[in-house]
Every structure is written in structure tokens, then in C-alpha cells.
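Enquirer: Each chain, letter by letter, is given below.
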Amino acid sequence: MSASNDTNSGLIQINYNDQIVRMFTLATLFWVTIAMLVGIIIALQMAVPQLNLTEWLTFGRIRPLHTNAAIYAFAGNAIFTGIYHSTQRLLKTRMFSDGLSKIHFWGWQFIIVMAVITLPLGLSQGKEFAELEWPIDIAVVLIWVVFAINFFGTLLKRNEKHLYVAIWFYIATIVTVALLYIVNAISTPISYFKSYIVFAGIQDALVQWWFGHNAVAFFLTTPFLGLMYYYLPKAANRPIYSYRLSVVHFWSLIFLYIWAGPHHLLNTALPEWLQTLGVVFSIMLWAPSWGGAVNGILTLRGAWHLLRTDPIIKFLVAAITFYAMATFEGPLLSVKAVNGLGHYTDWIVGHVHLGALGWNGFLSFGMIYFIVPKMWKTELYSKKLANFHFWIGILGILFYYVSMLAAGLTQGLMWRAVDANGHLVYPDFVETVIRILPLFLFRTLGGVLFLGGFVLLLYNVYKTIKQAPKELAEETVQVRTSSSAPAHPEQGHRKLEGMAAAFTILALIAILVGSIIEIVPTLSINKYVKTENKVKPFTPLELAGRDIYVKEGCFTCHSQMIRTMHSDVLRYGAASTIEESMYDRPFQWGSKRTGPDLARLGKKYPDLWHYMHMEDPRAVIKESIMPAYPWLITSTIDFDSLQKKVSLFKKLGVPHSEEDLSDANNRAKEQAKKIADVLKKQGVKEDVSDKKITALIAYLQALGQKGGE
Amino acid sequence: MSEDKTQIYDDKIIEGYEYDGITEYDNPCPVWLMYIFYFTVLLAVFYTGYHFGSSSRDGILDDYVIKLNEAHTPAQSSKQKPEISENELSALLQDADALAEGKEIFGDKCALCHGNSGQGLIGPNLIDNCWLRGKGKISDIAVTIRSGIPDKGMIAWENRIPEQQILHIAAYIKSIQGTTAENAKEPDGELVEE
Chain A
1 MSASNDTNSG LIQINYNDQI VRMFTLATLF WVTIAMLVGI IIALQMAVPQ LNLTEWLTFG
61 RIRPLHTNAA IYAFAGNAIF TGIYHSTQRL LKTRMFSDGL SKIHFWGWQF IIVMAVITLP
121 LGLSQGKEFA ELEWPIDIAV VLIWVVFAIN FFGTLLKRNE KHLYVAIWFY IATIVTVALL
181 YIVNAISTPI SYFKSYIVFA GIQDALVQWW FGHNAVAFFL TTPFLGLMYY YLPKAANRPI
241 YSYRLSVVHF WSLIFLYIWA GPHHLLNTAL PEWLQTLGVV FSIMLWAPSW GGAVNGILTL
301 RGAWHLLRTD PIIKFLVAAI TFYAMATFEG PLLSVKAVNG LGHYTDWIVG HVHLGALGWN
361 GFLSFGMIYF IVPKMWKTEL YSKKLANFHF WIGILGILFY YVSMLAAGLT QGLMWRAVDA
421 NGHLVYPDFV ETVIRILPLF LFRTLGGVLF LGGFVLLLYN VYKTIKQAPK ELAEETVQVR
481 TSSSAPAHPE QGHRKLEGMA AAFTILALIA ILVGSIIEIV PTLSINKYVK TENKVKPFTP
541 LELAGRDIYV KEGCFTCHSQ MIRTMHSDVL RYGAASTIEE SMYDRPFQWG SKRTGPDLAR
601 LGKKYPDLWH YMHMEDPRAV IKESIMPAYP WLITSTIDFD SLQKKVSLFK KLGVPHSEED
661 LSDANNRAKE QAKKIADVLK KQGVKEDVSD KKITALIAYL QALGQKGGE
Chain B
1 MSEDKTQIYD DKIIEGYEYD GITEYDNPCP VWLMYIFYFT VLLAVFYTGY HFGSSSRDGI
61 LDDYVIKLNE AHTPAQSSKQ KPEISENELS ALLQDADALA EGKEIFGDKC ALCHGNSGQG
121 LIGPNLIDNC WLRGKGKISD IAVTIRSGIP DKGMIAWENR IPEQQILHIA AYIKSIQGTT
181 AENAKEPDGE LVEE
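Line by line, the protein sequences give chains A and B. Oh and the first sequence: position 205 is 205 in the working numbering, straight run, nothing missing. Oh and the second sequence: position 149 is 149 in the working numbering, straight run, nothing missing.
Hints were generated in silico from the structure; no laboratory data involved. Beta carbons: idealized from backbone N, C-alpha and C, even for Gly. Hints may contain errors.
List of simulated lysine to aspartate or glutamate pairs, DMTMM-like, C-alpha gap at most 25 Å [claimed, not checked]:
no., chain 1, residue 1, chain 2, residue 2
1, B, Lys103, A, Asp638
2, A, Lys706, A, Glu686
3, B, Lys103, B, Asp26
4, A, Lys674, B, Asp188
5, A, Lys234, A, Glu379
6, B, Lys103, B, Glu86
7, B, Lys152, A, Asp137
8, A, Lys674, B, Glu186
9, B, Lys152, B, Asp97
10, B, Lys103, B, Glu163
11, A, Lys603, B, Asp188
12, A, Lys603, B, Asp140
13, A, Lys604, B, Asp188
14, A, Lys603, B, Asp20
15, A, Lys650, A, Glu670
16, A, Lys622, B, Asp108
17, B, Lys103, A, Glu623
18, A, Lys651, A, Asp137
19, A, Lys622, A, Glu55
20, A, Lys622, A, Glu497
21, A, Lys680, B, Asp140
22, B, Lys109, A, Glu431
23, A, Lys603, B, Asp108
24, A, Lys161, A, Glu686
25, A, Lys377, B, Glu158
26, A, Lys234, B, Asp11
27, A, Lys669, A, Glu686
28, A, Lys622, B, Glu104
29, A, Lys603, B, Asp11
30, B, Lys152, A, Asp687
31, A, Lys669, A, Glu623
32, A, Lys622, B, Glu15
Residues from chain A shown here face chain B by an in silico Cβ test under 7 Å; the list is partial [what the hints assert, rightly or not]:
no., residue
33, Leu90
34, Pro120
35, Pro233
36, Ile240
37, Ile283
38, Val430
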């Protein structure tokens, strides 16, 4: 419209690939349903432990399924939908390759199906949001590369010289996610479905949360900001409020975000300088995050009346509002004092869902209501239903968030309550759990409402597609090839927007700075390990028990990190040190205390206590909400793989003794026999010397007993 | 919700740039947002200086250590309370309310390991005449409850149960001595004849 120069040549006809957009749309809808259903199941399991039915559907195994489905299946498919739809239109060209688009689509769905199968089987690397085992990791990377080639190929053949701000965010997403995922998955396989991460202890903790935090940043934030920059002005038919703001907040956001990972490890054994970086960069993220929200909201000036009539605008505006709330709460929670209260509690869970349901969920729903009628060449079946969806969705989010905030604050305050004599007011952990149980039910109600609203969307989309014409012709547009576009004398950022490769490299540099400065120093872990704090490695049997701990997802509810906080030390013993977890692959510091910390659990209870507790937690702690693990008593320990494991760890630098190295199998059997004999004397009828429970007990009894305090 | 009356920007569309129908205004960044940014940067610089600055470098950790020391000072050891003689404690055996309270807490906290009737389960039998610790006097039992047997898995209850209630539990345990229960655990420890 603005190109007033006369151009008489270079007009070409472009067909957009809309089929791939339709496919990703339907995949999104399918996986949202699964992710939310699993979410509701695990929410109920927390209130009613008897709902942990069978080994494969226990909380510890399907909680990772919920998070992976929400991130990779739901958010993943949603951003692919939006990127494939908007990129073609913003660059005025068809996607680079129809073949690659198809491979991307089916490859990604295959990966998710593999996740749905392997996670309930307990095949897990034991790192949050990175549980998938190594063969699936490789598939993820390959498919991501396919996506990247397809996307950057499209950039190269674009007919629009300048890259619009949405494209900037897509570029940052693709580059950074590749880097994060690959680095955090570097592991050594010992079998087809078991591998150990190469990083240990604080290295692993730091890499994991550099990954985990930036998965939120570059998988759940930047791509969705890109989508917002396309769908909001399209739906409202208004110009973007400020081009300058998009430049400033884009670069500041991606540069600052990458540093903030250590805020997941505040008050832990992580070196102080890293914690400090985590705090200050999180605080500085406040304004750049709001930059996106402000630019979105102000774009609507003059179009506010649409908020009354158009459900799409409603969803988008609410999404941006939730984004603004979550990105204010984030820096707040990164202040050490606030974090001391909120960390390990349900407040964090509430915070995450404010983003996941409010921001990612609502933005995706707004986008889907926008895309579906366009892609199926018809009108939306019912605006009324969409409006109704909006209101129960909002109600669902509020129920969810408020109950989790209340639960988190209540429990956090109870954990730290100390009386005049310096004693804990609530020394029994379970007391603090009982108090928040009703809130777990309110949270579930919130989830059900949110899913209920989504079912309305499903019905609405189904009816819309049903009324679509049989033949869906691809959208065709006449575009000017960029070579014949008018030339402006350009400088600064405008010039950069015309240079895709340079732009990508600069974005890469922006995210590499923080990554390198934070991660490289910890790779030489020796600097942080005090040599006088000698730590003994786990025995082969304890290692077998540790694998069970990881497999059952114990880390989803138990931390192994006593923070340098008065109330933590009173409750659990001396603060954890770097040395104590220096051989742990993966580290199991955890991020949530649905149950108590286990860093110094060893020797606290007799073996029989653990035996009875694993068989039925409520036999020893009446009000416990922990699942029962009866299969550990009947299934056998995999002794044969121990040899391989011990020699792998030895190679990675763990000082296992020569005996453990040469005869791991028999050493483990001896130790198991001893434990089983003790259990027998205490009244256990079966011989459990080759059962998993014995290995797990050996591991639990070794926690905090290896020196290094 | 009406049109912004305090419009300070001119909302000039940037000519020559249009993406699939989307245009952009040439508005500056909102000033208040920039101030938030500068404020957080200042805060970051200050906090980093506070942390890395030579004199306050260990301030955060020091603070934690001080708090910890403070917390530990008032907790004097009170394992043995010699002021109360065994005779006085024996009076508790006649005090129905005290025994009832002792029984209730026993059921709540002790029964998981010692059995509902004190017959022993994870922990030892408490109804026989054999004692692993002390001579079976109420004051001996109270000592065990207070300090626990950490090596064997029994935690110290001193900080978790008020002193008066510990005495009531000890009296209750004394009172069930000599009773019988099904599945009682083997006697263990030193036989004490009374």
C-alpha cells in the first residue's frame, strides 16, 4: 500500500501451503486434550493418593507426561501452526519445502507418541522437561533441524525484503531451542533406553536450569510473542503501537533472558556469584517482558470496542494480561527472600500455570479461533460458544492460580514457622500437607473448568469444519519479488532486518554471551569443591536404587537440597554442600516439595520403616499422600547392568573402588542380602534380597551418609 | 475505554513497511516503561555491588549463620529433669487424665513404630519387662523420648512435644507394662525385675 513507486514487472503468483497449517491445527487440538486430561488426573492424585492406579499411571511417571505433553505437544504444535501460517504470509512466499513440512509434522507427532509410551514406562533421564531418553532426544534434534532448514529456506526465498518482528522472535526461538536442547541432553547411553547425563552435581543443576528456564523463555515466550505480533494486529486490524519498542524489547529480552536460569537454584549450594547473576538478570527482565505486553495492549488503542464483540480479541487481550502478570511475578519470585518462601511450594506451580493456561493457552485459543475459519474457508460456527469458552476459561485459571497461591503461601509459612524457643511449630511435614489438601481440590476444579471451556472450542471447531466447503483451495496471492521492490536508503536496524543471516548470527551471539559466562566456569567443577570434604561414591546396589528413584520420578515431589536457610536446616539438618552431590548423574536437587526433603534421609528410619512405607505409605504415616509402590517388592533388581554402570561412572571420574569396579554384580548382591536379612529379622516374610525395594532402601539409607558436609 | 484523551504521541505510520497488511507506528517506547527498566538496572548494579563488594561480600551467608546461632542458643539441653523425683512421677500413674492424654499422643506418634498396644513393630516391644535403655523408670522412658535413639531411627521428640506431655506419654508407657498383646515382638534388652 505504501509502495507508491511504479513497478510494472516482477509480479508473481504465490500459493501458500495451508494444508500443513490445518494439520498442525488439528494436532494441537488433539494434544491439548491429552495434556489437560493427564493434568487433571495428576491433580486428583495429589488429593486422593489411591488414584495412583498401577505402576504406569503413578504420579511420578505421568507428571513428566503432563509437562512434556503441555510443552512439546501442545505448545509445540501450537507454535508450529502459527509459524507455518504467519511466516508464509509475512515473507510472501510458500514454505521452502512441502516435503520437509510433512517430515516435520509427522516426525514431531511420532516423538510425542514415543513420549506418551516411554514416560509411563519409567524410561526417564530424571531431568525436568528433559525426561525423554536419548533415542527420542536424537529424534527431537533431527526434527528440529528439519524445521530449521524449512524455516531458514523460506527466509532465503522470501519476497519481502524486511523481516517483521514476529519473524525475529521465530528466529531466536529456533536457534536457541536447538542449543538448549542439545547441550542439556549430552549423555552417555548404556542401553537402548538408559543413559546418564555427562554433567554431574552443580554442573548438571546449572545446565538443567539454564535449559529449563530458557525452555520457558524460548519455547513458551518468544514464539508466542511472535504469534502475538502477527495475530493481534491482524485480528484488530490496527497498526503495531511502536516499532521502536519492538526493537528494544526484542533484543533486551533475548539477551537478558538467557542469564536468569540460576533463579531456580536460589539459596542452594550453587555458588553465590551465579545466584546473584540469576537474581539481577531476572529483575532486569521485568521491563523487557512488559515491553511485549505493552506493545500488544497499546496496539488495541482505538479498537477497544472489539473487546466487547470479538472473542478472538478477548482471548488475545486476556493472554497478554496473564503474560504481564506472570512476568511481574517471575522477577518477584527471583528475589532471594521471596524465593525462600515460595520455592518448592505450589506457588511456583500456580505461577507456571498462570503462564501456561493464561498466556500460552489463551493465545493459542485466540489464534485457533482466528485460523480455523480462514483455513477452512468458512465462518466460525458460533461466536457465542467462543465467548462462553472465554469466561469459563478465565474462571478456571483464577481458581487454579488463587488456590495454588494460597496453598504455596500457607505451606511456605508453615515450613518456616519457628516458636520463641527456636523450635519448628510444625515439625511434622505431613501437618503442612493436610492443611492444603482442600486447595488441591479447588485447583482440580480450576483445571476441569479450563478443560470444559476447551471442549466447547473442540465442538465449535468441529462444527466449523463440518460446514466448510469440500474443496479447500490454497490461498493465492500476487506478490512483487523483492528484487523489484522499491529501494530505500536504509541504516541501523532496518538494514539488519533485510539481512536474515546477519540477523540470525547476532541473535545467536546475544544468547551465547550469558550462556558461556555462566556455564563454562562451572565445567571445571574442581574450583568449587573443597578437597577436605571427601565424598564416598554410592555402592553398586545404591546406584541400582538410585536408578529406581529416578525411574519412579521421586524427584517430582522430593528435593535433595537443604537450602542455606534457618528453617530448612532446623527441619532437615545441615545445609547441603556442593561436594555431596558432586557425583550425582543426574542431579536430583528437585524443584518441588510435595513431600519432605530427602538429602539427609539416610539412617533416619530403620529399613523396615522404608519397606512398610513403600508398600503402603499410610501404614506408617496416616495422612500421607504419597503413592504406594507395591511392585518394588515383587520386581527384581537388574544386577547385570551394574558392571557397565560402575565402569561408566568410573570413566566419568567417580572414584569407585577397584572391588566395586571389578565385581559390581556380586558386591551388590552381598549388600542386598544383608539388608534382606535385617528385614527378615524385623518380620518381613518374603526373601527380598533380589527385589527392587532392597536396592531402593540401600539408596535411601545412603542419602547424606557419604560425607562432604 | 474510549479514545485516549491524553494522547501524547502522534501515531505516525512508518511508510514503506507493511507486512501482510500489518503496519507499525513510529511511536517511542513508553517513558514509564523505560524508567522501570532503568530502575531495575540500577537495582541490579546495586545488588551486584552489595554482593561482590569487598566488605559486604559474605553478608548474605553471614546473616544466615547469625540467625542459625541465635536459634541454637536458647535450646538448652534438658534431657534429665532431676527436680522431679520418680515418686512424684509415679503419681501420674494414678492420674487418669494424664494417662489418657499420654495414650492419645502415643497412638498418634509412637504407635506407628511400637504398635498400637506397645507390642513392638519397627521399634521394640514396650510392654515386656526388658529394657534396652534405662531401667524402665518413668524418668528413664522420658529421657529416651526426649533425645530419641537416632541410630535406630527414633527421632528426638524434645522439640516436638511439650515436656509435660512427654511425662504423660512416659507414664502411659509405664502403665501398659505387663499387659499382653497379640503378635508381640520378642523381648529385647536387659530384664528388670521390680
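Enquirer: Evaluate each hint against the coordinates.
Expert: Status of each hint after checking the structure:
1. Between the alpha carbons of lysine 103 (chain B) and aspartate 638 (chain A) the distance comes to roughly 45 Å, so the proposed pair goes past 25 Å and is violated.
2. As the CA atoms of lysine 706 (chain A) and glutamate 686 (chain A) are separated by approximately 30 Å, the hinted pair breaks the 25 Å bound.
3. Taking the CA atoms of lysine 103 (chain B) and aspartate 26 (chain B), the gap is near 78 Å; set against the 25 Å cutoff, the hint is violated.
4. Between lysine 674 (chain A) and aspartate 188 (chain B) the alpha-carbon distance is near 21 Å, which keeps this suggested pair within the 25 Å criterion.
5. Pair hint lysine 234 (chain A) plus glutamate 379 (chain A) holds up; C-alpha atoms about 16 Å apart against a cutoff of 25 Å.
6. The hinted pair formed by lysine 103 (chain B) and glutamate 86 (chain B) meets the criterion: a straight-line CA distance of about 20 Å does not exceed 25 Å.
7. Of the pairs offered as hints, the one joining lysine 152 (chain B) and aspartate 137 (chain A) is violated, with about 44 Å between alpha carbons and a cut-off of 25 Å exceeded.
8. Pair hint lysine 674 (chain A) plus glutamate 186 (chain B) holds up; C-alpha atoms about 21 Å apart against a cutoff of 25 Å.
9. Only pairs whose Cα atoms come within 25 Å are accepted, and lysine 152 (chain B) paired with aspartate 97 (chain B) is rejected, the gap being roughly 31 Å.
10. Between the alpha carbons of lysine 103 (chain B) and glutamate 163 (chain B) the distance comes to roughly 15 Å, so the proposed pair stays at or under 25 Å and holds.
11. Straight-line distance between C-alpha atoms of lysine 603 (chain A) and aspartate 188 (chain B) comes to about 21 Å, which keeps the hinted pair within the 25 Å bound.
12. Among the hinted pairs, lysine 603 (chain A) with aspartate 140 (chain B) is consistent with the structure: their alpha-carbon atoms are about 24 Å apart, no more than 25 Å.
13. Distance check on the hinted pair: lysine 604 (chain A) and aspartate 188 (chain B) sit about 21 Å apart at the alpha-carbon level, within 25 Å; holds.
14. For a cut-off of 25 Å, the pair hint linking lysine 603 (chain A) to aspartate 20 (chain B) is broken: about 67 Å separates their Cα positions.
15. A threshold of 25 Å between alpha carbons decides the hint, and for lysine 650 (chain A) with glutamate 670 (chain A) the separation of about 21 Å falls inside it, so the pair holds.
16. Straight-line distance between C-alpha atoms of lysine 622 (chain A) and aspartate 108 (chain B) comes to about 9 Å, which keeps the hinted pair within the 25 Å bound.
17. Annotation: proposed proximity of lysine 103 (chain B) to glutamate 623 (chain A) holds, straight-line Cα distance about 19 Å (limit 25 Å).
18. Taken as a hint, the lysine 651 (chain A) and aspartate 137 (chain A) pair is honoured in the structure, with Cα atoms around 23 Å apart against an allowance of 25 Å.
19. A hinted pair counts as satisfied when its Cα atoms are at most 25 Å apart, and lysine 622 (chain A) with glutamate 55 (chain A) qualifies at roughly 22 Å.
20. Between lysine 622 (chain A) and glutamate 497 (chain A) the CA atoms are separated by roughly 63 Å; this puts the pair beyond 25 Å, and the hint is violated.
21. At most 25 Å may separate the alpha-carbon atoms for a hinted pair to count; lysine 680 (chain A) and aspartate 140 (chain B) exceed this at roughly 30 Å.
22. Proximity of lysine 109 (chain B) to glutamate 431 (chain A) is assessed by CA-CA distance (about 13 Å); at most 25 Å being required, the pair is judged to hold.
23. At roughly 22 Å between alpha-carbon atoms, lysine 603 (chain A) and aspartate 108 (chain B) fall within 25 Å of each other, so this suggested pair holds.
24. The straight-line distance between the Cα atoms of lysine 161 (chain A) and glutamate 686 (chain A) is roughly 74 Å, outside the 25 Å bound, and the hint therefore fails.
25. For the hint linking lysine 377 (chain A) to glutamate 158 (chain B), the alpha-carbon distance of about 74 Å lies beyond 25 Å, and the restraint is violated.
26. A threshold of 25 Å between alpha carbons decides the hint, and for lysine 234 (chain A) with aspartate 11 (chain B) the separation of about 18 Å falls inside it, so the pair holds.
27. About 16 Å separates the Cα atoms of lysine 669 (chain A) and glutamate 686 (chain A), which keeps this hinted pair within 25 Å; it holds.
28. Straight-line distance between C-alpha atoms of lysine 622 (chain A) and glutamate 104 (chain B) comes to about 15 Å, which keeps the hinted pair within the 25 Å bound.
29. For the given pair, lysine 603 (chain A) sits about 70 Å from aspartate 11 (chain B) by alpha-carbon distance, which is inconsistent with the 25 Å threshold.
30. Between the alpha carbons of lysine 152 (chain B) and aspartate 687 (chain A) the distance comes to roughly 22 Å, so the proposed pair stays at or under 25 Å and holds.
31. With a C-alpha separation of about 35 Å, the suggested pair lysine 669 (chain A) and glutamate 623 (chain A) falls outside the 25 Å cut-off, and the hint is violated.
32. Pair hint lysine 622 (chain A) plus glutamate 15 (chain B) does not hold up; C-alpha atoms about 71 Å apart against a cutoff of 25 Å.
33. For leucine 90 (chain A), the interface hint holds, since its Cβ comes within 7 Å of a Cβ in chain B; the closest pair sits about 5 Å apart.
34. Against a cut-off of 7 Å between C-beta atoms, the interface hint on proline 120 (chain A) is violated, since the closest Cβ of chain B lies about 32 Å away.
35. Look at proline 233 (chain A): its Cβ gets to within about 5 Å of chain B, closer than 7 Å, so that hint holds up.
36. Interface hint status for isoleucine 240 (chain A): upheld, as the beta-carbon distance to the closest one in chain B is roughly 4 Å, under 7 Å.
37. Restraint check, isoleucine 283 (chain A) versus chain B: the minimum CB separation of about 5 Å is within 7 Å; hint holds.
38. The interface hint given for valine 430 (chain A) is broken, as the beta carbon of that residue sits about 11 Å from the closest beta carbon of chain B, more than 7 Å.
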